[in-house]
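Protein chains: 2
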Amino acid sequence: MMKLSKKEIQEKIANLSDWTYNENAIHTKIEFENFKEAFSFMTRVAFEAEAQAHHPEWTNVYNQVEVSLATHDAGGVTQKDFQLAKTIDQLLGEE
Amino acid sequence: MMKLSKKEIQEKIANLSDWTYNENAIHTKIEFENFKEAFSFMTRVAFEAEAQAHHPEWTNVYNQVEVSLATHDAGGVTQKDFQLAKTIDQLLGEE
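Protein chains in written order, with our numbering: chain A, 12 to 106; chain B, 12 to 106.
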């Protein structure tokens, strides 16, 4: 899996909902109504991440979830990250 | 809920498994076999946290889970944090 160039990342990120690129990863921050909603969302993402064999770095504090995606083996952002980001956006769209 | 003194925290933390106190919170870091095990554990904690109406700040990267507990309203660590920490230790003991 090849690391994407900055130009490629900027093009692809434009198709996502609310993601930013910095420090060699793509990031989003999502706010939910409460902890239960936040963790339920994480659970749905967890199953998809496992299925894609690609896992997020994520932090949860009460109703907030911060997600960072990177491909450590490639030393940056790859198509796998955009695939999982797209899945996350789709799950959010279903909320 | 009253903020505990440093002395009280140090006494209580001695009864826990592998927690440290710094920056006005208590912290632990747990390593699991893989993502599935890590997230399954988080799910069990999530239900207990919700039941205790007290929620962790936590980060997961693949098989690792870092947990920080503090009581924001009290500006430090309270009995509620030790209650949840003890629950987490008990769940780990059942693994």
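These are calculated hints, taken from the structure and not from any lab test. Ideal placement from N, C-alpha and C gives every residue a C-beta, glycine not left out. Among the hints, a few may not be true.
If the Cβ cut is set under 8 Å, some of the chain B residues that face chain A in the computed set are [what the hints assert, rightly or not]:
# : residue
1 : 52
2 : 54
3 : 59
4 : 62
5 : 66
6 : 70
When the alpha-carbon atoms are kept at most 20 Å apart in a straight line, the in silico EDC-like pairs for lysine to aspartate or glutamate are as follows [claimed, not checked]:
#  : chain 1 : residue 1 : chain 2 : residue 2
7  : A       : 47        : B       : 44
8  : A       : 40        : B       : 59
9  : B       : 91        : B       : 42
10 : A       : 47        : B       : 68
We went through each hint and held it up to the structure:
1. Look at residue 52(B): its Cβ only gets to about 12 Å from chain A, farther than 8 Å, so that hint breaks.
2. The closest approach between the C-beta of residue 54(B) and any C-beta of chain A is roughly 7 Å, which is under the 8 Å cut-off, so the hint is satisfied.
3. Proximity of residue 59(B) to chain A is violated relative to the hint, the smallest CB-CB distance being about 12 Å (cut-off 8 Å).
4. At a threshold of 8 Å, the smallest CB-CB gap from residue 62(B) to chain A is about 11 Å, leaving the interface hint violated.
5. Taking 8 Å as the C-beta contact cut-off toward chain A, the hint placing residue 66(B) at the interface holds, the least distance being around 5 Å.
6. For residue 70(B), the interface hint holds, since its Cβ comes within 8 Å of a Cβ in chain A; the closest pair sits about 4 Å apart.
7. For the hint pairing residue 47(A) with residue 44(B), the CA-to-CA distance comes to about 26 Å; that exceeds 20 Å, so the pair is violated.
8. Distance restraint check for residue 40(A) and residue 59(B): the Cα-Cα separation of roughly 24 Å exceeds the 20 Å cut-off, and the hinted pair is therefore not satisfied.
9. About 24 Å separates the Cα atoms of residue 91(B) and residue 42(B), which puts this hinted pair outside 20 Å; it is violated.
10. Only pairs whose Cα atoms come within 20 Å are accepted, and residue 47(A) paired with residue 68(B) is accepted, the gap being roughly 14 Å.
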